[in-house]
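K.L.:
Kindly produce the complete structure, drawing on both the sequences and the hints.
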Amino acid sequence: MDYNVQIHHLDVTLDPDAKHQLQNELRALAALYIKPLPNYQIFKPTSSTSLKDKIVVVIRDGKGNLAGFVSAILIPINGIVEDIVLHSGITVIHENHRKSPVKKLLFSNLIMSVLRSYPGGIWFTSLAEVISSLVHFGNYVTNVFPSPSYEATHGTNLPTAVHLHIAKEINRLHRPKLNISPDAVFDEKTFVFLGSNDWDQGRGFMKDIDDTSLWSKDKESSKFYKSFLRYGAGDEVLQVGYLDLKTILVAMDKEGFNSDKNNLVSKINDRDWRIIEIAEADVLERMERSNEGVAIMMIHDLFGWTFSNTRILADYYAEEVGATVLVPDFFGGEILPSNTILDDSRWAELDLPAFLARNSKSVRGPEIIKTAEALRASYRRFGVMGFCFGGWGAFHIGAKDKQLADCISVAHPTMVEKTEIDDLAVPVQIMAPEMDPMFTEELKEYSNQVIPKLGIPYSYQYFPGLEHGFAIRGNPNKLGERRGMERAKNAAVYWFREWLLENE
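If you're matching positions, the sequence shown starts at 1 in UniProt numbering and goes up one per residue.
No wet-lab data here; the hints were simulated from the structure.
Note that beta-carbon positions come from the ideal geometry of N, C-alpha and C, so glycine has one too.
Worth double-checking, as some hints may not be accurate.
Stated by the list, open to error - Think about it this way: if two alpha-carbon atoms lie no more than 35 Å apart in a straight line, the pair counts; the simulated DSBU-like pairs of lysine-lysine are:
hint, residue 1, residue 2
1, K400, K478
2, K444, K400
3, K226, K104
4, K444, K402
5, K168, K217
6, K418, K478
Unchecked claim - Across the chosen pairs, the derived CB separations fall in these ranges:
hint, residue 1, residue 2, range
7, S308, R358, 22 to 28 Å
8, G333, P76, 32 to 38 Å
9, G293, T156, 20 to 26 Å
P.N.:
Structure representation (structure tokens):
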């Protein structure tokens, strides 16, 4: 059977009359299977905001009849990447279509729609009592707490600070959006809302946790989640994980989604972004075909590879240099909350000593070199851009015993040692703010004394009045920082044009 898929970002794609008509259809289908039908999310009959901040994927059969739908909510959570969480809402499929590909079509189109806006990934949550749904979520999302694999991956059965922050904010501010009973008790160690469905608005979702027809085929994972729930109590498990393209593609392969990966990727972003693997590192690639054979690797700073400004700069480099830009993940999948990084008063929450120990030069240096070697072998001309943490990585790539790049550029480099400056052997550009406790006055002076004597092209760009992090942060609320970020971007573009294009 042919199906028609419609994706609605409901504040944007539908006028009021169309919203009302769609809502009536969704309520009518859901009322067949959810009794009583709760007045929340997309089902609120009189709320002017019931469709606000929602994404709904609708599938119709050849006659235009509603075969199924899935909804999702965008929940604001300060202190995490993008300051937003995607929460899986409600899925309803008509019984005549449950053996069809409708479920896969709903899910894949929802994910494509979301990743089109967030190509680097987004934090994703789910709240469920149905055991098969809990197992299913863990198959499609990475870094999930709670999950059967979490303790083996993290060395503890306790949530990370980011997982806990998201869960606490949902418990504190967003219970009504998730239809959680006002009397439910949240367990911060297990992420279980005790009695979440045990009220008049939730009893339609209560299930028999001993009914194995509601379990996944993965019986061990099903038993894992069953252990969290009390029989007949209406408990629900809040799952928190990260949704990224690579994990989704792998899961779709396993689940038998008949989707061409490249076709899926091409829909994620109009600018040809995709996630690939190079030398065992996940890499966000911004493809650019105007100068095939020319590439720039960006080594991220503390914000990590998914930070929105990192992708924005990668777009600029790709378009203005005409090079493919690659942004590897050199933090092993760990992502620090951007709002916490930007707030100096909250840095104690990050536990930076432990984080830097996990991402030290001895740990990440070999990964950076291995990735650079793979790219050097794949491209005719190859440059490196390093911010903060990425500065020392760029210096290692441009060292005398490596010389893996045709040129490097660094902005406010961190953890740089004088011996690494002595060892440079490729054209190097340094962008230095006036105030930088990491790239100190002593290191600035040393660079300007030593590098001109190394016999390599050297560009030193000084940014008076600016401070460490300006070139990636571009904070409009700090005097001159946004302009400084633009100037740094332009300087890097000219540098890469000079050494990646003009000398071919």
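K.L.:
If a hint holds in the structure, say so; if it doesn't, say that too.
P.N.:
Now for the hints, and whether the structure bears them out:
1. K400 - K478: violated (38 Å)
2. K444 - K400: Given that 35 Å is the threshold and the Cα spacing comes to 21 Å, the pair holds.
3. K226 - K104: holds (25 Å)
4. K444 - K402: Distance of about 23 Å is within 35 Å: holds.
5. K168 - K217: holds (31 Å)
6. K418 - K478: holds (31 Å)
7. S308 - R358: 22 to 28 Å: At 24 Å between Cβs, range holds.
8. G333 - P76: 32 to 38 Å: violated (24 Å)
9. G293 - T156: 20 to 26 Å: For T156 against G293, whose Cβ atoms are near 46 Å apart, the range 20 to 26 Å is violated.
In summary, the structure is inconsistent with hints 1, 8 and 9 from the numbered list given earlier, while agreeing with the others.
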